[in-house]
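Undergrad: Make the full structure from the sequences, and use the hints.
Just so you know, the sequences run in chain order A and B.
Note that this note's numbering has the first sequence beginning at 1, numbered continuously upward.
Note that this note's numbering has the second sequence beginning at 408, numbered continuously upward.
You may find that some hints are simply not true.
[Said to hold, decoys possible] So the derived label-pair ranges between C-beta atoms look like this:
#	chain 1	residue 1	chain 2	residue 2	range
1	A	Lys2	B	Asp814	45 to 55 Å
2	B	Ala488	A	Pro13	32 to 42 Å
3	B	Asp801	A	Arg88	56 to 66 Å
4	B	Thr450	A	Glu12	52 to 62 Å
5	B	Asn415	A	Lys2	41 to 51 Å
[As the list claims (entries may be wrong)] With a straight-line Cα cutoff of 25 Å, these simulated BS3-like cross-link-like pairs (lysine-lysine) come out:
#	chain 1	residue 1	chain 2	residue 2
6	B	Lys555	A	Lys398
7	B	Lys719	A	Lys402
8	B	Lys410	A	Lys402
9	B	Lys596	B	Lys615
10	B	Lys719	B	Lys701
11	A	Lys231	A	Lys129
12	A	Lys43	B	Lys809
Source of the hints: derived by calculation from the structure; they are not laboratory data.
Ideal Cβ positions, reconstructed from N, Cα and C, are used throughout, including at glycine.
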Amino acid sequence: MKFLEKIVHKHEPKFAKGGKLEKWNPIFESFTTLAFTPAHTTKRGSHIRDGVDLKRTMMMVILALIPCLLVGIYNTGHFEMVAAAGNRNIPYFADFWAKVGAGAFVVLPLVVVSYGVGLTVEFIFGVIKGHSLHEGFLVSGMLIPLVMPADVPLWMVGVATVFAVVIGKEIFGGTGMNIVNVALTARAFLFFAYPTSMSGDKVWMAGEEKLVDGFTGSTALGDLASFTTDKMTVAGQVVTESGAIDTFQNSYSMMDSFFGAIPGSVGETSVLACLIGAALLIFTGVGSLKIMLSFAVGGLAGGFLMNAIGSNPYMDLPAMHHLVIGGFAFGAVFMATDPVTAAQTATGKILYGFFGGLLAILIRVLNPAYPEGVMLSILFMNIMAPIIDHYVIQANVKRRLKRLKTA
Amino acid sequence: MSKSIKLNKGLDIRLIGEAKAVKSELSLPKMVSVKPSDFHNMTPRMVVKEGETVKAGGILFHDKYTESIKYASPISGTVKAVVRGEKRRILEILIESDGQQSYAEAAPAKPADMTGDQVKETLLAAGLWPFINQRPIDVVADPSKAPKAIFVSAFSSAPLAPDYNFVLQGKGEEFQTGLDALAKMTSGKVHLTINGKGASDEVFKNAKGVQINTITGKHPAGNVGTQIHHIDPINKGEFVWTVNAQDVAIIGRYFLTGKYDVRRTIALSGSEINDPQYFETISGANVADLLAGKIASDNVRVISGNVLTGDKISKDGYLGFYHNEVTVIPEGDQLKFFMTKGWFGPGFDKFSNSKTFPTWILPKSKKFRLDTNTNGEERAFVVTGELDRVFPFDILPMQLVKAAITDDIDGMENLGIYEVAPEDFALCEYVCTSKIDIQDKIRQGLDLIASECM
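TA: Structural data, given as structure tokens:
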């Protein structure tokens, strides 16, 4: 790699202070630091430093997201074909490569748009503020397509990404300073700005316009939301109140939901893929086990609470089933654990996760206008996290004051 | 009475180049330097002028604001130069040896027969006072304040640190006399904390008139700050004094002989040193003789002190006042290609507390050759919880650092700034993913507290 190094050294002076391309230094620096860990050395204090940096940390998150991306591509391809044929009973693993191709054709443009638009915005801010690209968006850029419905128009992804990066992050000061999760900001933006094409029960499956009569591309959550209305449907079939849950559990079995063979946003359907990612995040210490576990426990608690009330079929859905449908697992593993927007203290993380999971189920069941409660509950908890931390910190402060009094 | 503490948090950084338990004598250095910068926040007022002759123990300067604190010359000879920097700030005083080492002698004294004030006067007059540090703020102790306790750590757990069992072997009498002197100056206890791992030398085990505590755990178990926190934590308004174990012996030596004799045993260690071992030299000694012929490569960093808290010096620089080791590690000022040695590489050569590098899979006996590269650029805080894992205090490290960065005095007071010193955060600085100079930030916070609240 000596030759690359030579190129870097050759062009460095142009971008240095006083060079004629000084203004573009942030972009130059972004690329060179991607290719080479810079020659920065310690000045005083700790003369040696840990090998880990933000690039390595973010790389781990992206690696952890790859199973979700792959399953998402395949799943999207599968439901493309389901929609095209108007037949839900196509075997999941038939025409494997054709589905991969069809899925990639839908999903990869989302990824390209998200990264392309987001990085452009980041570079603009970098040049204005005079700093190189901070790594946060490398993960956000992958998360955004994964929380999108597969058939969302590409321009909407672009607009949402711009909104998320500018309003969600850059105005607060960039990576590490944001209040709410960037990827969820993008999804929430679409959810509220374009409700007609984002909510309802049809959008969550690719190839909507190709739907044939008697078949709608509904999602598990869309169906469940209908349980609180007069017209209960499961997978396009009208059901009665007494048989609603059984029909639902047949249509979206625990197994299918766990492995991801159900319609939904690109990356969120497979709990298994999320768990593989979670294993990597927990093992490397990049993602917080405390948050993931307490989020799941909070979700179960919410499910049991609803079961105990049980005034409509939605409330009767077994608590375990809640954890495998919709974006619950994806949210718990990749969204709630974002260290910048989550609670930062150890005890705070447990509270934050628990209430996040609990609220997600409550919003889902009690407010069916928003089928996806996970997104809203995590955004809400992002805003609550500093308050949780505040009380945890105060407890620490009180311990110290008490010592002073007893001493 | 005596406490036994077990720590679960911490990190032992395994570096190549530990000093072998062999000691060589060095001839007296030709040049010695006393650096006012070794004493944080101290403004010197010179007593001698360039060209004057001084004896070993002769006073060079005193603290401008606390005139009773005097600083002495480690050797006898001529004041060669008073090196000044910006705004005529005194950077160092160079003394050229006359090769004789004649001492400014006083009569030996028995601390046991003296009052606390007499001991204090003796130490102040002799220029030995700067060996006593105080918490809070981590500066030379204010002699007008009464400490609630005095802490001495019998070991250093820092990477490549000297083994005090070896360093103080056979110096039991000096060490004990030093402890006796310290004990006179506090109404509270003198705490001597020994390592729970491995045997401690008789010097420590047989120490009298002190409370002997044991502490077991990884670094920073040997840091006196960790020990204070677990044995007798500092509250606002309280003062604690700390003295390095080898400095206790130096104080004791003065009472026994009446001589300001600051010879000390230092470890010369680090991956770039051929044949690392111990040497007997003097505080402030020029290291050129020490290093001659022992450095294995060209592009190295010479550190007076340990790799976590020491000062960068040049190859012909001078040993710091408080330092018991010189460490030499490779300089890391090269670009590192991301696929091989950088952020995307396998990273078998990186020692990381995070499991994103395969350090955890390598055997515990594997030692590392780490350089001074920061391994990444500075960022805002992103990762949470990583500082807590190496910070065995009931203090929230990240929140305290943030309070220090934002000059939040109330926040710092509430979060425990009075208990900490920058060195307590050395490991936090090491593991920080965002490469923030945490020790610097804590020092700035302490300076603010010193100017506003003390």
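Undergrad: Does the beta carbon distance between Asn415/B and Lys2/A stay inside 41 to 51 Å, or does it fall outside?
TA: holds, 46 Å
Undergrad: Would you check the hint for Lys43/A and Lys809/B, treating anything up to 25 Å between C-alpha atoms as holding?
TA: holds, 21 Å
Undergrad: Would you check the hint for Lys719/B and Lys701/B, treating anything up to 25 Å between C-alpha atoms as holding?
TA: holds, 18 Å
Undergrad: Between the beta carbons of Ala488/B and Pro13/A, is the distance compatible with 32 to 42 Å?
TA: Because 38 Å falls inside the window, the suggested range holds.
Undergrad: Does Lys129/A sit within 25 Å of Lys231/A, going by the straight-line distance between their CA atoms?
TA: violated, 54 Å
Undergrad: Mind checking the hinted window 52 to 62 Å against the Cβ distance between Thr450/B and Glu12/A?
TA: violated, 41 Å
Undergrad: How does the Cβ-Cβ distance of Lys2/A and Asp814/B compare with 45 to 55 Å: does it lie in that range?
TA: Check passed, 46 Å falls within 45 to 55 Å.
Undergrad: Measure nothing beyond the straight line between the CA atoms of Lys555/B and Lys398/A; if it is 25 Å or shorter, mark the hint as holding.
TA: holds, 22 Å
Undergrad: Honestly, do Asp801/B and Arg88/A meet the 56 to 66 Å range at C-beta?
TA: Holds - the Cβ-Cβ distance for Asp801/B and Arg88/A, about 58 Å, lies within 56 to 66 Å.
Undergrad: Against the 25 Å threshold, does the CA-CA distance of Lys410/B and Lys402/A hold or violate the hint?
TA: Holds. Lys410/B to Lys402/A sits at ~21 Å (cutoff 25 Å).
Undergrad: Under the criterion that the straight-line Cα-Cα distance not exceed 25 Å, is the pair Lys719/B, Lys402/A satisfied?
TA: violated, 41 Å
Undergrad: Please work out if Lys596/B and Lys615/B have their alpha carbons no farther apart than 25 Å.
TA: holds, 12 Å
In terms of the numbered hints stated before, the structure departs from hints 4, 7 and 11, listed from lowest to highest.
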